[in-house]
Structure formats: structure tokens, C-alpha cells
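Peer 1: What follows is each chain in one-letter form.
2 protein chains.
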Amino acid sequence: MDTHKSKGFTVWFTGLSGSGKTTVARVVCDKLRERGIMNVEVLDGDLVRTNLSKGLGFSKEDRDTNIKRIAFVCHLLTRNGVPNIAAAISPYREIRDYARGEIKHFIEVYVKCPLEVLIDRDVKGLYKKAIAGEIPHFTGISDPYEEPLNPEVMIETDKEKPEESADKILRKLEALGYIPRVTRAESRLSPEEEEKIKKRLRDLGYIE
Amino acid sequence: MDTHKSKGFTVWFTGLSGSGKTTVARVVCDKLRERGIMNVEVLDGDLVRTNLSKGLGFSKEDRDTNIKRIAFVCHLLTRNGVPNIAAAISPYREIRDYARGEIKHFIEVYVKCPLEVLIDRDVKGLYKKAIAGEIPHFTGISDPYEEPLNPEVMIETDKEKPEESADKILRKLEALGYIPRVTRAESRLSPEEEEKIKKRLRDLGYIE
Chain A
758 MDTHKSKGFT VWFTGLSGSG KTTVARVVCD KLRERGIMNV EVLDGDLVRT
808 NLSKGLGFSK EDRDTNIKRI AFVCHLLTRN GVPNIAAAIS PYREIRDYAR
858 GEIKHFIEVY VKCPLEVLID RDVKGLYKKA IAGEIPHFTG ISDPYEEPLN
908 PEVMIETDKE KPEESADKIL RKLEALGYIP RVTRAESRLS PEEEEKIKKR
958 LRDLGYIE
Chain B
758 MDTHKSKGFT VWFTGLSGSG KTTVARVVCD KLRERGIMNV EVLDGDLVRT
808 NLSKGLGFSK EDRDTNIKRI AFVCHLLTRN GVPNIAAAIS PYREIRDYAR
858 GEIKHFIEVY VKCPLEVLID RDVKGLYKKA IAGEIPHFTG ISDPYEEPLN
908 PEVMIETDKE KPEESADKIL RKLEALGYIP RVTRAESRLS PEEEEKIKKR
958 LRDLGYIE
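Residue numbers (my numbering), protein chains in the order written: chain A, 758 to 965; chain B, 758 to 965.
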């Protein structure tokens, strides 16, 4: 298998806090790299809040500004052939549609997980605080979440493993012609290929 | 001549308002495209203030935040092989050095033009207002500008035409191995080549 340059596209995750956006994004990223698509950028909520949107809060206006900035960067990457994954809550339909309009190749992934399950899991303890009224503007509790009406992919993270969700997304990317189809055998790497890929990742600064 | 993918790099312009950063950046961009390097992004001050930094002012802190955001985007583009040009005043040495540290292939271009000349030209009428005290934090008048100590290229826009300044930068990019050297004859395009390049530009969404 050669390492090859894929087309640029943006996989846009949307879903509640704790639904698994970043987790599944990272699995998708790994799987793309296993297939020789090395230059994948993941823009998750935390990275973006640090590098593009420090100082912004969680009002509708600030959230929209945050999403516009992510969309701007995704647009630049996509039109230059760099596959990228955005993983932010992005609760408002209108601004997601704005992102869709800005970005040439846009694949919306709805990361669905029932609120009860998220409240029950509450990995970061945020839902507890939000319910107690300690976090204002918390999506799903004190702020709205508008479900996508027609996302390219829907994953259900209370029913699927991250691996399965990621495979759904990869199949959609194949179907849309953004990545080449591979058979199971082809997707396994020889040690030489693995070393080649690792070298490439080092050159690109992804790993030490 | 083939259109070819160049290495990623960031040409970082720094200089006073009105010194010609955006003008020269656009000429560099055109010249790179003439050489078949099509995917060049120009991030100038206005574009960035609109898309990444709306709401930020011109205090040192806000300027630094603005530059950090530009550096973040340039870093992403550069490490994915996309040549890009940043054209913001970026008056503070420390934050330019931060950008240099973040970005793998960084070429600092000092756009030098004496303040008297800029005040005299005053294309946008900003210097007049700044001197009258109507614009606070105006670089060169009521805010400092720290000259680069060791830029890769210095251009003098009161003495050189934009074309000449751009050529200086291209020669440096050649010398550093970021773009291939071309002879004068090679750099001329046949009508077929020109059409091919225009088609590529349309596909990439740069032109209609």
C-alpha cells in the first residue's frame, strides 16, 4: 500500500458534551492513517478554545463565533487537500449550515447519545454541576441542542463501540469518494509499511 | 512546466501600517502561482481580524492573541505542505519569535519603510487620525514597533517596486530550498499551461 494524498474534506462532529465526539474523531484519524492518509488534522473543542477562541464564553453569540472560526480553518485545510475533523458541540443548526456552506466537502456526523446516559456517565462531573445550576449555558441542560435534520452519518455512542462508529464514518467517506475503498487484507500493514508511515508522521511533527 | 506541490512554509511579513505588506504578499502569491505553486494561502490583517479575531482590540495583549491565532493557522497549513503568507503588523519581537517557534518553516520578511514616508503617503488617512490622537494604540505613533533583528529578508518599499521586493523573497525561498529554482524562460507560460493553471485555481475555489 502506498501512502497517498487524499482529497480534502471536513468531518464535522456535532453532539452533546461527553457524547464521544473527540474519542470517535481520534479513532477515525487513526484509521485514516492506517490507510496511508497521514495528514489528518483534528480540531476538537479544547484545542480550538485554546488556540482560536480564548476569552469566548458559551452564549449563543460566542458559540457562533467559535464555530465560524473553526469553519474558517476547516475551509482552508479542505480547499488545500488536507482532511480534517472538527469535534465541537456546535448545538445550533443554523451555524452548522453556515459551516456546510463555507466548506467545500463537508460531512456532518451526528454523535447521538441520550441525555440520561450522559448524565449517568458524567465522566467529567459537568452534568452534575450543570443540573445544580453551577454551569450556565450548558448544552442539553440549560442551553438548547438542535439535532441535525439530515446528517451524512449518525452514530449512536450508547450502542456502538468507538471502533464501530468510526467504521460507519469511513464507509461514508468511501461512498462519497473522499477516500479509496480498501479490502480487509489491504488494510493490514507490513512492518516496513508501518515504519514508513511512522517516519512520515515524525517528519510531519505528529509524533516524536 | 508541471504544476507541482511545493513544501509547506510560512512567509511572515511584519511592518508598519501602509508599508505594503499585503501588496507585496499578493505579488509573491501571484508569482508562486505562475510557477505552478497554486495552493498558496494569504492571511492578511483584515482577513484575520474578520475571521479569527473579531472583537479583539489593539492592546499588547490583544495583538499577541491575534498573532498567536494566525500562527496556529499558519502552523497547520505549513505542516500539511500548504505554502502560506501572513501579513499582519505584528509589532512585537517576542510574539514573532513565538510564531517562529511554532511554525516549522518560517521566513520572516521585514517590510521596511520610513515613518515619514508613510505619514506622507497616508493612503487610508489613518496616520493623520493617529497623530491627532483619534486612534489609540497606533503602531509607530502611539504604540511601539520592534524591528526584526535578523529577518530572513528585508524589503524596502520606499525604494523598491512591489515586483522587486517579491523577487527578493522568491530568491530567498529558492535559496532555502522551499521552491524550485526556475530560469527566466521556464517561468513563462504557454496558453495551454495558463488554462491548466486557471482550471486548477477554479477547482480550488480561488477564482470563479
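Quick caveat, the hints were computed from the structure, so don't treat them as lab data.
All values derive from a computational prediction rather than experimental measurement.
Note that CB positions come from ideal geometry on N, CA and C, so glycine has one too.
Take the hints with a grain of salt, since some may be wrong.
[Claimed, not checked] Taking lysine to aspartate or glutamate and the DMTMM-like style, the derived pairs with C-alpha atoms no more than 25 Å apart in a straight line are: (1) K825(B) / D900(A); (2) K861(A) / E818(B); (3) K811(B) / E950(A); (4) K825(B) / E950(A); (5) K825(B) / E952(A); (6) K764(A) / D960(B); (7) K825(A) / E798(B); (8) K811(A) / D960(B); (9) K764(A) / D787(B); (10) K885(B) / E909(B); (11) K861(A) / E904(B); (12) K825(A) / E951(B); (13) K764(A) / E791(B); (14) K811(B) / D819(A); (15) K825(B) / D819(A); (16) K764(B) / D900(A); (17) K764(B) / E950(A); (18) K764(B) / E965(A); (19) K825(A) / E818(B); (20) K861(B) / D854(A); (21) K764(B) / E873(A); (22) K764(A) / E851(B); (23) K811(B) / E965(A); (24) K811(B) / D854(A); (25) K825(B) / E921(A); (26) K825(A) / E950(B); (27) K764(A) / E913(B); (28) K811(A) / E818(B); (29) K811(A) / D787(B); (30) K811(B) / D900(A); (31) K825(A) / E913(B).
[Unchecked claim] Just so you have them, the derived chain B footprint on chain A, three or more residues with Cβ under 8 Å: (32) 804-815; (33) 919-928.
Peer 1: If any of the earlier hints don't hold here, list their numbers in rising order.
Peer 2: Of the numbered hints, 1, 2, 3, 4, 5, 8, 10, 11, 12, 16, 20, 21, 22, 23, 25, 26, 27, 29, 31 and 33 do not hold.
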